[in-house]
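Chemist: Sequence lines, in order, name chains G and H. If you count the first sequence from 1, position 645 lands on 1662 in the working numbering, and the numbers rise without skipping. If you count the second sequence from 1, position 65 lands on 295 in the working numbering, and the numbers rise without skipping.
FYI, nobody ran anything at the bench for these hints, they're computed from the structure. Glycine is no exception: its CB is placed at the ideal position from the N, C-alpha and C atoms. Hints may be right or wrong, so weigh each one.
As the list claims (entries may be wrong) - Example chain G residues on the side facing chain H (calculated, C-beta under 8 Å, incomplete):
hint, residue
1, Leu1284
2, Pro1290
3, Glu1496
4, Met1497
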Amino acid sequence: MNVAVLDPLAPGAPRTDGRAPADTPVSAPMVAPMVALVGNPNAGKTSLFNALTGSRQKVGNYPGVTVERKTGRLALPDGRIVDLIDLPGTYSLSPRSPDEAVTRDVVMGAQAGERRPDAIVAVIDATNLRNHLRFVLELRRLGLPMVVALNMADLAERDGTDIDVAQLSTILGLAVLPTVAVRKRGLGDIAAALSTLLAVIPADAGTYLPQHEMGLRREDEGLLANGVNANADLLLLQREARAIAAAVTTQRGSARRWSQRLDRVALHPVSGPVLLAGLLFFMFQAVFAWAQVPMDLLSGGVDRLQHAVSAALPAGDFRSLLVDGILHGVGSVVVFLPQILILFFFILCLEQSGYMTRAAFLMDRLMARVGLNGRAFIPLISSFACAIPGIMATRTIAEPRDRLTTILIAPLMTCSARLPVYAVIIAAFIPDRQVAGVLGLQGLVMFGLYGFGVVGALAAAWVLRRTVTKGPTPTFLMEMPKYQWPAPRDIGIGLYQKAWAFLARAGGIILVSTVALWALATWPKPPPGATQPAIDYSVAGHIGAALEPVFRPIGFNKEIALALVPGMAAREVAVSALGTVYSLDADPDHPQGLVARLRSAWTLPTALAFLAWYVFAPQCLSTLAVTRRETGGWKWPGFMFAYLFAMAYVGAGATYWIARALG
Amino acid sequence: MTERLTIDDLRRGEAATIVTIDREAVDPENARQLHEMGFDEGVDIELLHRAPFGGDPIALRVGNMCVALRKRLANMVVVARVVPE
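All chains, please: the whole structure from these sequences, using the hints.
Modeler: What follows is the structure, encoded as C-alpha cells:
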C-alpha cells in the first residue's frame, strides 16, 4: 500500500486557512477524517483521549458486540475537525478476546459499520519502551499514516531514563511526540502532527480499502495461526523493538521503582489481604455514609415537587399519574444516584491507580479454588456497580469457559440497582443503632448482604465449573501496571458517563414500567361501595393475586408478588413499584412514606425473605439481554435465569422459615 | 558462574536472566502471551512477590514490566541466576 506517507515531517500541502477553497463544489458533505488511538493496555491511551477531546465524547456500541465505541472530536491547528476514536487496548493485532478483535478489525478496515481510520496515533508508555515499541512496529506494517505519542514522558524522566526522541523518530520513520496526557502536555504537538499527516493523504483515502492486501493478510494470518510461525514473527518484532529501545535510551543510575516499593505492602502475604479487605469495607461504608446528605436533598426535592403538583392540579387520574406514578416511581430511583456515583468513583480510582490488578493477583488463589481466574475479580468488582459493565468487562478473559462462568455468576454480585431495595427494607426493619461503638448496624447488615452474594457467587462458580462449564484449568497471566494517581479529569469523565447512563435508564425503562404499573394498578376502578383497597380491583391486583400462591410459601404477600414483575425490568423498579402500589393503596388522608408503610404491612420474616430474594434475584432484563449478546444465543441467559430463580426461591424460603422458627 | 533453574526456584528479590522458554510444553497461545508480556531469551527478570495463601501466583519484573502469572506457566521458563560481581 503506497498511500502511506511514512515521513510525516515532510512538508505536505499546508493550507493557509483550513477552509476549502471557495470554488470547491460543496455538493458532497465533508466527512471529517478519522483518527484512531491505538496502544497497549496501560499506555495511558484513554487519558490521552480524554485530554484531547475533553467531555465532547460519544459512547456507543459496535453492532453485534458489546464493545464500547468511544469517539470525540478534535480541532486541528489548521481549523479542520477530526473524529478521534479510542480503540480498546491490546498487546498485538492477534486478538484473544472480543474487544481486541475490534481493535484489529477497525485498523484493518474490516469492522462492520466503521470506516477505516485515516491515521493512527500509537500511544506508548515511555517507561516501557521495549514492549510498547513492538506493537508500534506491528502497527507500522498496516501502512496507515501514523504518529507516535510517547506518553508518560515525565515518568521516564523521573526514573532517570533519557530517551533520544529524534533518533527514535528516525529509526521508526514516524513522528514521535512526547506527551503527558494527565497534565495535558504535548497535545498541541499531536494535533499539529496530525494536521501535517492528514494534509498529504488523498481525499478519498478514508474510503480506500486495500482489499487485495486485506485478503493477503487474512491468508497470512491463517498460515501464521499454526502457532510456531506466529510466534516466530512476534519474536522478531520483539527483538527488533528491544534493540531499538536499547539504542535510544540511556539510564542515569538505577531506576527508582516506587511501584515496587508500594507493592511490598500491597502484595505482602499478610498486609496485602488486610489492605484489600480494609479498602473494600471502607468503600461500602462510604457508599452509605457519604451519600446520606445528597440523598436526603434529592428525596426532599422530589417530595416538594409532588406537593407542588398536587397543589396545582385538581384531583383526578392525571394528577395521580404525575404524583403517584411518575414522580413517586422515578423519584424513588433517582434518589440513589449519589450512592451509585460514589461506588463508581471508588471503582474508577481502583482501576486507574493500578490497584485493581493487584487485587486480582491477591484473589487469584481463591478464585482458582472455585475454578476461576484472578482476572475474573475485576469484572466481578465492577458488577458491584452494575452487572452489565461487569459482564462486558469479561471480554478481557480469553478462555471461553472461564469467561462464561464469570458471566453467569456476575449477577450474584450485589449491583447498585439492588441498593435501593436493600436500603428501603433495612431502613424499615433494621434498627439504626451502633454496634461495638463505631459501626452502624444497618451498614453491617448491608455488608452482610453483599457477603452473601459473594459466597453465593463462589459456590455457584464451584458447581458450574464442575458441571456445565467443565474444562481445563485456565491460566493466569497479567501485566501489573505501575501505580499512578488517578487523574481527576479521567475520573470526572467516567463518572459523568455513568451518571448519564443511569439517568437515561431512569428516564427510559424505569419511567415506562412505572407508568405501565400505575395504569395496571389504577384500572379497572373499584365498584361503588367497594370495601377493599382500590388496588385489589385493578389488573395489577389480579396479577398479584394470581402470582401470590407461587410466592406464599416463601412468605411473600401479593403486593410483593406484584412488585417482582416490574422488578424484572430493572431491580430498583421493585422499590418504585412498592411505592406505587402502597401509595395507591394508602389512606389518602394519612399519607405515609414507603418505609413507614412497609413497617406496618410486613412482618420481619417477610422482610428478611425479601432481602434474601434480592441477594440472588433473577437479574434484570438488561442483564439477560447483554448475556444473550455476549454468549450469542438464548441458551445461557435462559440457564442463568433458571438457576438464579431457583437460588432466590430457596434462599428466600429458607430465610423466611428460619426467621419464623426463631421468632 | 551460573546454574540452571526455573523461575520458581528463585528467592524473592532475586534477579535472573531467561535462558530458554520450554515452548514444547506451553501451548502456542500461552507462549504467545508470554512473548507479548516481554518474556524472551536474554531478558532480565526478578522475582518480586509470591501471592498469599500458598505462594501462587507469583509476580515478576520482566524488563521494565511487572507481570503476574501462575507457577505452572512460570515453570516453563528456564533461567540463570545473575551472580553479583
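Chemist: So, for every hint listed, does it hold in this structure?
Modeler: Hint-by-hint comparison with the structure:
1. Leu1284: Holds, because the Cβ-Cβ distance from Leu1284/G to chain H comes to roughly 4 Å (cut-off 8 Å).
2. Pro1290: For Pro1290/G, the interface hint holds, since the closest Cβ of chain H sits about 5 Å away, which is under 8 Å.
3. Glu1496: holds (6 Å)
4. Met1497: holds (4 Å)
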